[in-house]
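2 protein chains.
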Amino acid sequence: MNNLFYVVPALGLIGLIFTIIKSRWVAAQDPGLDRMKEISKYIADGAMAFLKAEYRVMLYFVVIAGILLGIMGYSNSSSHWSIALSFVAGAFLSALAGFIGMRIATKANVRTANAARTSLKKALAVSFTGGSVMGMGVTGLAVIGLGGLFIVLLMTFAPGALSDTQEVARAIEVLTGFSLGAESIALFARVGGGIYTKAADVGADLVGKVEAGIPEDDPRNPATIADNVGDNVGDVAGMGADLFGSYVATILATMVLGHEVLGTNGVSLADGYSGFSPILLPMLIAGAGIIFSIIGTFFVTISENAGLSTAKVQAALNKGNWGAIILTAIATYFIVNWLLPKDTTMVLRGTSFTSNGVYGAILVGLGVGTLMSVITEYFTAMGKRPVKSIIRQSGTGHATNIIGGLAVGMESTMLPVIVLAAGIYGSFLCAGLYGVAIASAGMMATTAMQLAIDAFGPIADNAGGIAEMSELPGEVREKTDILDAVGNTTAATGKGFAIASAALTSLALFAAFVGIAKIDGIDIYRADVLAGLFIGAMIPFIFSAFAIRAVGEAAMAMVEEVRRQFRTIPGIMEGKGTPEYDKCVAISTNASLKKMLLPGGIALVSPLIIGFVFGPEVLGGFLAGATVSGVLMGMFQNNAGGAWDNAKKSFEKGVEINGEMHYKKSDPHKASVTGDTVGDPFKDTSGPSMNILIKLMSIVSLVIAPTITKMHSADIHKNLLQKQEDIHNLLKAEPNQDARINQFLLENADTAAMFTLHRPTLIEKRSSKEFLSKNQMGS
Amino acid sequence: MNNLFYVVPALGLIGLIFTIIKSRWVAAQDPGLDRMKEISKYIADGAMAFLKAEYRVMLYFVVIAGILLGIMGYSNSSSHWSIALSFVAGAFLSALAGFIGMRIATKANVRTANAARTSLKKALAVSFTGGSVMGMGVTGLAVIGLGGLFIVLLMTFAPGALSDTQEVARAIEVLTGFSLGAESIALFARVGGGIYTKAADVGADLVGKVEAGIPEDDPRNPATIADNVGDNVGDVAGMGADLFGSYVATILATMVLGHEVLGTNGVSLADGYSGFSPILLPMLIAGAGIIFSIIGTFFVTISENAGLSTAKVQAALNKGNWGAIILTAIATYFIVNWLLPKDTTMVLRGTSFTSNGVYGAILVGLGVGTLMSVITEYFTAMGKRPVKSIIRQSGTGHATNIIGGLAVGMESTMLPVIVLAAGIYGSFLCAGLYGVAIASAGMMATTAMQLAIDAFGPIADNAGGIAEMSELPGEVREKTDILDAVGNTTAATGKGFAIASAALTSLALFAAFVGIAKIDGIDIYRADVLAGLFIGAMIPFIFSAFAIRAVGEAAMAMVEEVRRQFRTIPGIMEGKGTPEYDKCVAISTNASLKKMLLPGGIALVSPLIIGFVFGPEVLGGFLAGATVSGVLMGMFQNNAGGAWDNAKKSFEKGVEINGEMHYKKSDPHKASVTGDTVGDPFKDTSGPSMNILIKLMSIVSLVIAPTITKMHSADIHKNLLQKQEDIHNLLKAEPNQDARINQFLLENADTAAMFTLHRPTLIEKRSSKEFLSKNQMGS
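Chains as they are written, first to last, in my numbering: chain A, 1 to 779; chain B, 1 to 779.
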């Protein structure tokens with residue numbers, strides 16, 4: 001095996017070493033006063049308790065699903081029982097990624113609060129380093145896991161084989177189990193964490209801010225610890241598992257398609273790596289992306305005398321992000337041209353392309369990712385037209401605020417979808433379906449940096465909570481608020497990025513699925529496929545319905561518990577009685593674990609039912625429907641939620657509606673709080689789950705593809721023949737058919753040869769007179 | 001030409017005669033007191049002013065679009081310039097249908113109010129007769145127009161031709177212009193009317209009920225006339241044009257597919273009608289449906305001593321509706337078996353079926369329609385779980401009420417989509433694509449009755465308004481309120497029915513499009529087609545965004561005008577100064593006309609751009625995306641809106657939340673009013689526009705299909721050849737390929753013949769050795 005194979009996990013290892021070093025640095029920082037340590041311990045304990053409970057539930061799932069997978073793999077010659085081990089490895093590493101993230105976040109939060117007692121620079125350093133630990137940890141684990149497992153599988157199933165052999169196909173098929181494991185844990189972590197955090201947040205707000213009139217994060221509010229735990233389990237652990245899953249799925253989809261890339265002569269590429277270069281490329285780009293992300297983190301710093309400036313913090317993060325992106329864009333040019341065979345035409349399913357095309361596709365991917373972030377920011381940022389329109393509509397009450405937000409959310413789908421469609425089309429033009437996949441891999445290359453920027457937000461948010469609960473001076477909270485505000489913006493743009501990458505990844509998985517299922521396409525003009533399209537498109541609606549309802553119901557339970565504590569614990573409102581924080585933590589924990597099962601189950605089971613009962617082409621229609629509707633619902637909900645949030649925040653500094661100034665506690669502000677509360681489950685529970693939902697369903701389909709194809713082979717065969725006949729009839733009816741057929745025969749001699757070889761059979765069956773009479777009739 | 005052709009318009013004529021007789025009966029009723037006449041004149045004048053203004057805008061559109069269509073038809077040999085005339089005829093009749101409906105509604109409203117001074121039985125008779133006039137008028141015009149035009153076109157283009165000839169294809173292609181005309185007017189009427197009615201409604205409520213504290217329909221409120229005008233232009237004229245368009249589109253789609261139905265020998269059916277029986281069938285069913293709907297109207301009556309019972313009114317309407325449906329179900333059995341050739345296998349694009357299968361598909365259609373109504377009723381009815389869950393969530397405020405309603409709306413898509421998918425699949429199994437189309441034609445057969453039931457609601461609503469404004473005794477309002485409440489339920493179920501029929505019709509149009517575009521299918525696995533799917537699915541989101549925003553903005557303008565009048569007209573609040581009703585009418589009129597152009601334009605122009613630039617297969621992907629997402633968004637918005645409305649209405653009699661009773665003016669009630677206001681544009685503007693949107697885009701595509709196919713013929717040809725090659729490769733890689741290919745060759749001798757005829761060319765090009773070496777490689 002070429003040494004290059006070992007470079008991939010080695011790059012991942014560098015990421016992990018960085019993680020360990022930085023993690024130690026964070027732990028070495030001063031956690032501050034006793035009161036701070038005490039509160040941060042509450043939060044850390046609550047978070048750990050949730051994670052333990054969550055992982056216990058998932059353990060059952062992993063064991064059962066693993067056994068079923070093993071049986072399926074065992075009974076199909078294109079797969080192997082060890083797909084179960086691969087699945088368990090993916091699930092374990094995904095859970096570990098979430099764990100690492102939460103572990104560091106619950107250390108970094110209190111240390112950020114303490115650093116904020118000194119300077120903003122220091123606070124940024126601690127919180128962003130916390131985020132980086134998570135970013136490098138998640139991506140490092142993914143690259144090591146995927147790269148290492150691939151080596152093991154190749155050695156087991158295909159030692160020394162060429163890339164386009166059945167043995168390698170089998171190794172990759174087993175590898176899909178890894179992605180399935182990662183993505184299933186991601187779904188449960190994201191949905192469970194999303195329900196947890198919003199139930200606590202909405203519950204704490206409704207009864208604390210609205211009913212009791214005490215400020216946010218007030219230690220007298222029994223739900224306040226649960227609220228801060230929620231930031232960690234939803235925004236940190238949930239997101240970590242989510243991006244781990246996305247990252248793995250993207251790389252894997254590109255590998256599956258890369259396996260099908262051949263030379264023009266129809267055999268493996270002569271690339272010096274036994275034709276493996278298109279398979280190795282996405283892994284190498286991912287590994288290199290970790291290094292560039294590490295370099296990018298060094299740009300993220302502000303000067304000691306920067307003052308209390310949101311803009312400077314944002315600029316520092318942007319510098320880091322752009323640094324990583326530009327380095328990746330430059331480096332991939334060399335990686336692509338060095339790895340892929342030079343001046344050689346590659347072919348994937350009839351589309352030819354060169355290494356320049358592949359690089360072009362990567363640039364398209366980076367462009368799509370950037371544009372998505374910019375557009376998302378426009379629709380959710382303060383001071384821009386969309387948020388201002390919601391503010392204006394808050395002037396006439398709750399209802400018009402809601403109408404305004406819903407309209408913004410729906411409208412916000414237009415530009416991203418056009419960018420996405422153009423990206424699909426453009427990357428396809430560059431390098432066929434491999435281009436679409438590699439575009440998404442390029443976009444995801446800087447995931448480590450994205451994740452660092454994303455995870456820094458909830459750490460800062462938590463730091464603010466700890467400062468408040470520890471009754472630190474206002475200037476501390478001021479500094480953490482600056483970090484938190486920047487975190488809100490990066491959270492919104494991160495979601496735009498996530499949904500775009502999910503869409504491209506799903507398309508790549510979709511293409512991989514068609515290849516593995518051995519069908520000629522997904523024809524939605526077939527009634528059963530169209531029915532599948534409808535069912536698929538409905539799934540994101542029903543999934544969202546269950547997710548947001550879960551938040552609503554869990555929040556109501558939280559409200560009742562807090563009301564009970566206010567009523568029954570003596571001296572609680574005077575700060576003398578200690579609230580029973582753990583009871584609220586338990587409510588959020590139980591509710592989220594119970595209520596994540598139904599939506600999660602739908603996501604896992606529905607493609608199984610459709611696939612096994614109706615076959616791969618209907619399942620393809622189902623996937624397309626789910627992907628399209630999931631992308632739209634994701635954008636709609638994320639952006640509506642983000643816009644509502646910032647419309648509410650705008651009231652803090654005062655807003656002008658029809659020439660009159662309005663501030664907090666005014667009627668328009670109350671209307672804006674309604675919008676924000678509606679937006680909470682939209683943007684933090686159901687919206688961000690959409691991208692996992694569509695990827696998970698695609699991966700489930702990919703994993704079962706060989707089995708369902710075998711089951712439905714007679715139908716598939718019949719359809720292929722029918723299709724062939726239809727196409728023939730259409731070609732026959734065309735004007736100038738003879739000249740065209742001639743040309744086709746010249747170009748596709750072997751198809752014609754097949755028919756000519758069987759000529760005798762035909763002559764017996766029908767006279768040429770009969771053929772000609774039918775032929776002249778037209779279709 | 002067989003006499004049967006003339007039966008179709010004759011049946012329509014019976015409908016029109018019924019319309020005239022009943023219309024005279026309504027006009028002969030007593031309009032009551034002078035005050036009532038005065039107010040009803042205000043409403044009638046306002047409505048007529050809007051219709052005039054609206055039709056003036058549409059006139060420009062019809063002239064311009066007509067000229068473009070004429071040019072397109074002239075330049076394509078499969079079409080003809082007279083498609084422009086066909087388009088104008090469709091547009092004119094659609095507008096006329098709306099006009100007739102509004103004319104009768106503005107007469108029936110005041111007479112219903114007057115009848116309610118005597119008895120409920122009388123009031124029901126007047127209002128339902130008004131509705132029936134509209135129902136029979138709309139369907140009568142549609143059947144006469146379509147049937148008559150078809151005769152004229154056949155006589156012009158294809159006198160004496162067999163059904164499967166190019167001449168008949170051309171006549172049907174020209175006929176699609178009629179449907180395009182009808183559906184474009186429907187879109188503008190529905191959107192314009194929807195914006196008008198909700199701007200007036202929301203505006204009148206916000207400033208009247210909330211700010212000034214005066215009851216609904218109070219004559220002191222300047223917006224109250226506009227509100228009542230809105231019921232007529234939105235719920236009557238808009239809906240009339242809408243259902244006219246749906247009805248025509250459904251019949252037409254079935255005719256297009258019927259034209260492709262052949263005998264097993266590949267030539268026209270030997271049915272005694274030159275093969276026209278599958279084309280005539282949908283028109284005859286529609287014509288017969290009018291007669292059964294007329295019979296059904298005689299069931300709709302209650303006894304004089306029925307008391308003030310909502311249930312009895314509902315039961316009377318149900319009896320009429322069920323009567324019409326059952327009669328249709330029975331009669332179509334005889335029509336189908338008498339018209340279609342007995343014991344003959346018919347073939348459409350490779351699928352065989354018999355007349356029994358066709359009848360089965362009609363039953364599937366009727367079943368789907370009924371189930372959709374039942375499910376919709378469940379999700380929006382008072383006292384059922386969904387509405388009760390919203391009521392409970394109103395207990396914790398505006399935000400949870402909104403979350404609850406959104407969750408109900410999203411959840412409500414599940415069962416209808418499953419029913420729809422099963423309907424698509426089931427009707428396809430019965431009779432192929434013709435089955436899908438005829439299922440939708442069967443479902444639409446009783447449109448006249450549906451429309452009568454639907455239109456009676458706004459008439460009763462208006463009657464209540466007139467009673468209130470004329471200060472008639474409370475018992476009058478009590479009677480009209482009963483009719484109004486029943487009208488609300490029928491409105492919700494009618495929408496469920498409309499979206500289901502639109503989905504089936506769109507699929508039929510979609511199938512017709514594939515045939516006319518001469519492509520082999522719509523393969524969403526192609527990157528460009530998938531990009532089209534994304535863009536298409538985004539259209540309903542952006543359309544909804546513009547529609548609901550238009551309502552929000554027009555309502556705000558209305559609020560400001562009413563505030564101005566309250567401020568500047570002396571004595572207005574004491575009932576001494578006369579409000580300037582016409583100013584408010586003008587605001588709604590102008591706003592709706594201006595704001596309907598953008599969404600309407602998107603619907604018309606986007607399929608043109610996609611089709612002309614990217615060709616028919618991408619346009620097919622676009623249509624599929626738009627259909628799926630439009631159906632889901634339509635259900636989501638209609639049902640959320642309906643559920644919010646009834647959650648609010650439940651407070652009138654008092655509701656129990658956590659053991660406590662809440663009534664009007666309580667905090668939970670206020671939260672429910674917020675939900676209702678958000679739901680208004682959902683359920684009356686954007687939601688019901690979805691079904692026109694998807695049908696209109698399908699028809700636009702059908703009309704341009706021959707032209708874009710010609711433009712993109714080289715690409716289509718290349719794709720067909722590529723596909724043929726792909727299929728060949730897949731077949732080649734299959735196990736037991738030789739036996740299977742042999743069997744295929746036996747069954748499809750002429751495909752093979754084509755290849756063998758060209759054998760010499762091939763032999764020159766490649767040696768068989770080369771072929772064999774490639775052939776053994778696998779795919």
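If you are wondering where the hints come from, they were derived from the structure by calculation, not from laboratory data.
Honestly, I wouldn't trust all of these hints.
Same chains, same names: a pair is fine if it fits in one copy or spans any two.
[Stated by the list, open to error] Only pairs whose alpha carbons sit at most 25 Å apart, straight line, appear in this in silico DSS-like list of lysine-lysine: (1) Lys518 x Lys718; (2) Lys718 x Lys122; (3) Lys594 x Lys388; (4) Lys594 x Lys710; (5) Lys319 x Lys583; (6) Lys710 x Lys732; (7) Lys665 x Lys209; (8) Lys576 x Lys518; (9) Lys732 x Lys41; (10) Lys583 x Lys653; (11) Lys732 x Lys718.
So, going through the hints one by one against the coordinates:
1. Lys518 x Lys718: Classified as both: same-chain Cα gap 13 Å, cross-chain 22 Å, threshold 25 Å.
2. Lys718 x Lys122: neither (68 Å within a copy, 63 Å between copies)
3. Lys594 x Lys388: between (39 Å within a copy, 23 Å between copies)
4. Lys594 x Lys710: For lysine 594 and lysine 710, neither the intra-copy (36 Å) nor the inter-copy (57 Å) Cα distance is at most 25 Å.
5. Lys319 x Lys583: This pair counts as neither: shortest intra-copy Cα distance 43 Å, inter-copy 56 Å.
6. Lys710 x Lys732: between (33 Å within a copy, 16 Å between copies)
7. Lys665 x Lys209: Answer is both: 11 Å inside a copy and 24 Å across each meet the 25 Å cutoff.
8. Lys576 x Lys518: Intra 70 Å, inter 80 Å, cutoff 25 Å: neither.
9. Lys732 x Lys41: Classified as neither: same-chain Cα gap 77 Å, cross-chain 65 Å, threshold 25 Å.
10. Lys583 x Lys653: Classified as neither: same-chain Cα gap 36 Å, cross-chain 38 Å, threshold 25 Å.
11. Lys732 x Lys718: both (21 Å within a copy, 14 Å between copies)
When each numbered hint is compared with the structure, violations occur for hints 2, 4, 5, 8, 9 and 10.
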